[in-house]
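Here is what each chain is made of, one letter per residue.
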Amino acid sequence: MAKNVMMLMGDEAIAQGAIDAGVSGFYAYPGTPSTEIMEYAQHSKDAAVLNIHRQWSANEKTAMESALGMSYCGKRAMVSMKHVGLNVAADPFVNSGVTGANGGIIVVAADDPSMHSSQNEQDSRILAQFALLPIFEPANQQEAYDMAFAGYELSEKYKTPVMLRITTRLAHSRAGVEMKPRLKQNAMKLPENKRQFVLLPGIARKQYKTLVANQAKFMEEAEKSPFNRYIDGADKSRGIIACGIAYNYLMENYPNGCPHPVLKLCQYPAPKKLIEKLVKETKEVLVLEDGQPMLEESLRGLLDRDVKVKGRITGELPRDGELNPLFVRRALGMADICGAPAPAIVAPRPPAFCVGCGHIDAYNAIKQVVTTGYEDGHVFADIGCYTLAALPPFEVVNSCVDMGASITMAKGAADAGLFPACAVIGDSTFCHSGMTGLLDCVIENSNVVIFILDNSATAMTGGQDSHALGRLEAICKGLGVDEKHIRIVNPLKKNHDEMVQVIKEEIEYKGVSVIIPTRECIQTLGKKNKKGGE
Amino acid sequence: MKSDIILSGVGGQGILSIAAVIGQAAVSAGLHMKQSEVHGMSQRGGDVQSHLRISDKEVFSDLVPHGAADMILSVEPMESLRYLPWLSKQGWIITNSQPFINIPNYPDQKAVIAEIEKQPKHIIINADELAKAAGNSRGMNMVMAGAASLFVDIPQEKMEGAIQFLFGRKGEEIVKSNIAAFRAGREFAQKKRG
Ligand SMILES: Cc1ncc(C[n+]2csc(CCOP(=O)(O)OP(=O)(O)O)c2C)c(N)n1
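Just so you know, the sequences run in chain order A and B. With the working numbering as the guide, the letters of the first sequence map in order to residues 11 to 544. With the working numbering as the guide, the letters of the second sequence map in order to residues -17 to 176.
Keep in mind that the hints were calculated from the coordinates and are not lab data. Check before you lean on any hint, since a few could be wrong.
To be verified - Below, a list of computed lysine-lysine pairs in the DSS-like style, where the Cα atoms sit at most 27 angstroms apart: (1) 92/B <-> 541/A; (2) 158/B <-> 540/A; (3) 152/B <-> 537/A; (4) 114/B <-> 541/A; (5) 173/B <-> 92/B; (6) 537/A <-> 158/B; (7) 92/B <-> 140/B; (8) 246/A <-> 190/A; (9) 114/B <-> 140/B.
As the structure is a prediction and not an experimental result, all values here were calculated from the model.
Whole structure, please, built from the sequences with the hints as guidance.
Shown next, in the form of structure tokens:
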């Protein structure tokens, strides 16, 4: 193997690519499968020596905006998030298309088809298309690395943010990646046009016209991109467009090369000339994309006339879920190869609370109170380890929608007359999106009981530091919660009766109560103890 | 040469250390390698797997295709059966015999072992016990790596070199006891395979 090769996961390759391409700042909020981008940057000695910013933000929106500020100064920034994080960052993301960039910005969106660790499987390419931005979608770890270079180049050439879109499989799979010579960071260089970032209507209209006019140029770039390749084949009965990692599943099924013409598509907007060539030369086109049928849909058009486009919409591939070699094999019309089915005795093994987790003790108390004496007691939960109380043996939480929704759903339910209306939210989620909802409650003195489960960590995504650390009580007070109704408890078995008593009192109080069970996550605690002992 | 391996177990059991050893050995032998892992929710005590693909040709898919795995290497017996659809007809199941019971409906242990024994090619190892006997009570994963190594066409020195490479910074003691566990697993598999 060549000298400068590292074994990297897709996420790590992106981070190393950005470091080598002269990034000055990483911005992110954790979220599977994007988390390891920031974690890699944080552990990178190179990044430390180069003094690259690499700390977590409170949420994806603040991360996106900080990246934009870095770009404003002419420096390169990378902001990374999971797909649903892009919803949180959608406002600055879409508007950054209109302001454009100064220093290069790459927005990494890591999608999770099949929802391995997510609430939905939305396809971030569609949001980038909506924002009229170019997209890079690597097929492998090497391309993930190389696209950091190509991404910044394109971003600065057209003064536009670009998206780098990956899915879970590439994010968390390792392969050899060859390094390139490192580029220097950009020097500080403020925008030449002082009004570039001022989106007053009069200015925004002009900027938007520029963005629209750039679409043809983005298309030209995609037509000639080295990441988009037309590979001819003798058998023209079918042409295949393989987007991102779908290309691998295709080639896996043709170990001796694909007999059909193939368009490997890894940079968007979808290159019209290349696609036209494929359509003209072949009888039908099969579209393989790991996500929603974005390209397939646009090729079919609304009216479905004279279409010979196959894919997820026509049922050659499943309409939802992650692609894999078998699904692609079936779409290619080949016979299944499969081992024996798993025997019936194999039981499902869902994730569960760790032994000794403080959330268990908190829920034991919550469950006892809301299920005895209150027929209508409902618990609106949020996203984190504590969502696992939706599963047996607890089955005590009634919602999990998006980060922060516990508090505001409880408020809406209280407005509707539900009593008691409880919310359970983690410390990191509270700082991400819970504080504003709590302010809503305070303004109206809503009759809610809000549990902020403080385990001093962002546990579900691997125990990153939480912005809440040491600040929760002060934040709640600052937002206007009555001090007497901010109750700190220690979630341990021996404190069960005390917790039950506190919960009962606060449910009976007509107004905003915040109960904060505080005990460190046993995973992060274990890691610290291990480090201390070594 | 190609070796497609599905590693399986329960979140927290540390299957990735096995993947790291075999993967590192493959890289040092100049082979192509892709290895996908499960991060996120399932790591909280759910079922986890890692697909390890080694070949002297370019590897495309990060996932082992159905029916193509040369080996299911499991640190937990029931988990070895979950991935049968991926096992090729000539493939081996190599599994630890010691169950990890964190669900109320864990099946009868004898029935699980009986199902594994139905597979034409299997090796069932009490890896926890072998590790202890080798003086490394936390070396279950290395025992399993050793057992698997017999079926992967990479020289033993490269495998042990990978252990040295990966654990070297933790000290010679750790390296030695991991190699002892690795050899115990390899010897056991050798006897069973005949
Ligand atoms: C918008 C958005 N960003 C990120 C995530 C990923 N995510 C899921 S749970 C979680 C951590 C929650 O931490 P905390 O609220 O402290 O609860 P804990 O897991 O520690 O109990 C994160 C970051 C998400 N689901 N949605």
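Would you mind confirming whether the straight-line C-alpha gap from residue 92/B to residue 140/B stays at or under 27 angstroms? Since the Cα atoms of residue 92/B and residue 140/B sit roughly 37 angstroms apart, the hinted pair is violated (cutoff 27 angstroms).
When you check the alpha-carbon spacing of residue 537/A and residue 158/B, does it fall within 27 angstroms? Distance of about 24 angstroms is within 27 angstroms: holds.
Would you mind confirming whether the straight-line C-alpha gap from residue 114/B to residue 140/B stays at or under 27 angstroms? 24 angstroms, holds
For the pair supplied as a hint, residue 152/B and residue 537/A, is the alpha-carbon distance within the 27 angstroms limit? Holds, because 16 angstroms separates the two Cα atoms, which is no more than 27 angstroms.
So if I understand the rule, the pair passes when the alpha-carbon distance is 27 angstroms or less; does residue 173/B with residue 92/B pass? 23 angstroms, holds
Given pair status - residue 541/A, residue 92/B, alpha carbons within 27 angstroms: 40 angstroms, violated
Straight-line alpha-carbon gap residue 246/A to residue 190/A, limit 27 angstroms: Roughly 38 angstroms between the alpha carbons, so the hint for residue 246/A and residue 190/A is violated.
Would the hint linking residue 158/B and residue 540/A be met if the CA-CA limit is 27 angstroms? At roughly 21 angstroms apart (the allowed maximum being 27 angstroms), residue 540/A and residue 158/B satisfy the hint.
Given hint residue 541/A paired with residue 114/B - CA-CA distance at most 27 angstroms: Holds. Residue 114/B to residue 541/A sits at ~24 angstroms (cutoff 27 angstroms).
Of the numbered hints listed earlier, those contradicted by the structure are 1, 7, 8.
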